[in-house]
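**Q** Read off the chains here:
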Amino acid sequence: MTTQPDIEQTLSAMAAGLRDTLAARGIGNPCMVGIHTGGVWVARRLHALLGLDEPLGTLDISFYRDDFSRIGVHPQVKPSNLPFDVEGRHIVLVDDVLYTGRTIRAALNEIFDYGRPASVMLAVLVERGGRELPIQADVAGLQMDLEADQQVKLTGPDNLALTIQSHAE
Amino acid sequence: MPNNIQLDSNGNLRHFLTVEGLKRQTLTEILDLAESFITVDAQSVKKVPLLRGKTIANLFFEASTRTRTTFELAAKRLSADVLNINIQTSATTKGESLLDMLHNLEAMHCDMFVVRHADSGAAHFIARHVAPHVSVVNAGDGRHAHPTQGMLDMFTIRRHKGPDFGRLRVAIVGDIMHSRVARSQIHALNILGVGELRAIAPKTLVPPEAEALGVHVFHDMARGLKDVDVVIMLRLQRERMQGALIPSGSEFFQLYGLSADTLALAKPDAIVMHPGPINRGIEIDSAVADGGQSVILEQVSNGIAVRMAVMSMCLGRAPEAAGEGS
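Heads up: the protein sequence lines correspond to chains A and B, in order. Here our numbering is used: the first residue of the first sequence is 1, the next is one more, and so on. Here our numbering is used: the first residue of the second sequence is 170, the next is one more, and so on.
Do not rely on the hints blindly, as some may be mistaken.
Stated by the list, open to error - Restraint ranges, calculated between C-beta atoms of paired labels, are given here:
hint	chain 1	residue 1	chain 2	residue 2	range
1	B	D396	A	N81	55 to 61 Å
2	A	S166	B	S289	37 to 43 Å
3	B	L466	A	P157	33 to 39 Å
4	A	Q151	B	R297	55 to 61 Å
5	A	G129	B	S266	57 to 63 Å
6	A	A161	B	N273	53 to 59 Å
7	B	T238	A	N81	41 to 47 Å
8	B	R221	A	D145	31 to 37 Å
9	A	S166	B	D333	38 to 44 Å
Said to hold, decoys possible - Calculated lysine-lysine pairs in the DSS-like style (CA-CA distance at most 27 Å, straight line):
hint	chain 1	residue 1	chain 2	residue 2
10	A	K78	B	K245
11	A	K78	B	K215
12	B	K215	B	K372
13	A	K78	B	K436
14	B	K192	B	K330
15	A	K78	B	K330
16	B	K330	B	K395
17	B	K245	B	K215
18	B	K215	B	K192
19	B	K245	B	K216
20	B	K372	B	K436
21	B	K216	A	K78
22	B	K372	B	K330
23	A	K153	A	K78
Hints in this document: simulated from the structure, not taken from any laboratory. Here a beta-carbon is modelled for each residue, glycine too, at the ideal position from N, C-alpha and C.
Produce the complete structure using the sequences and hints provided.
**A** In structure tokens:
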């Protein structure tokens, strides 16, 4: 078991990385959107660290998943809430872990059903290998090398911490 | 258990035929899921791709505009393809049997039948005979059940009065005898643990089983509406009445109609509901139907979200006996 990374330090570094990326692209007033559940916790912190003006949006991608016909609809779907007009805006999408890329694919589809954003960038707390789609993060807090049977999970919403579980049985 | 046919071997909804016999957890799941579908209306593309590639056939053997339309909209907002079969002009009038017609629709790879029929038990009958991959949703059968209407009423009540039904006193007023809506509401309210359930109607319009279902029966509005949080008016179903069950429309309104004066007998924040279509001046006054306490049009919008929830639960089942999902 590796030592627990310092999440607060990671979030500060991510905020700095986002600030630089936004400045380099000339984006002044982005809209931040967190993906339920862990992504919302991370987004809430980044939103505060960056002092963004627009209220934070939240997305539950359950209705856009690609495995519905295999596993059905999740019973605890939370309402999506984008409290701004997506049309023409620069979106910063935030999730806790980037793995296969399927969640981000679903989130992009859902965002586009609200309107046509000017751009979307991706910030994740943890980036691990195993991508199944051509998706990458613009800002990533931590890189992790994990086996396929390992799962990294963010616990929160207070005192954010990462746990790594192994499903080898 | 006669209702086991509704559930698959994992205990998930396979068909939705009646509220009776379902667990509170299942009803709460429908209401929670409907709540998250409400936000689809906020999207500029009012659609989610959940049921893309699924085909849903609306089989309406009995006329209905509102119910059929909201089922159709619900299916389309889930990205399903919808077939509206006009029974009056279909082959059943050429002597084809109902089961032959169903098997033809199955051969066209339909995944769900939404059935409205004048005979009680019609949806159950169809559910017993469909192929294993097909789900059946009851959109009203005779006097028996109208479960999606019952659930959209629960959804409307919960949105206004909060999730604790135990605190609520609900009165159903009018033609309970002929009402499949009332039967579904009574079962749903009991399962959700309503504080007190009342029926207000003349003796001729109360079904004999009402008291056995825990309903307190009243025959006058003044006593029945006292301290009530929710007033559910029912349509006087004259087309189903045989014999003189009520004296006349105007006399019925005098005794059991909802006017501003009679509504004042309920709690000041009571909501007024009606499954539609409304007979203005027969069971409800226009001033009340269009007034500030009326949630009648909200019921219609909520019907779309609740039907989306039921459809996606029935069609999004894990494969039978597959154990844990991934």
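**Q** List in ascending order the numbers of the hints, as given earlier, that are violated by the structure.
**A** 1, 2, 4, 7, 12, 13, 18 and 22
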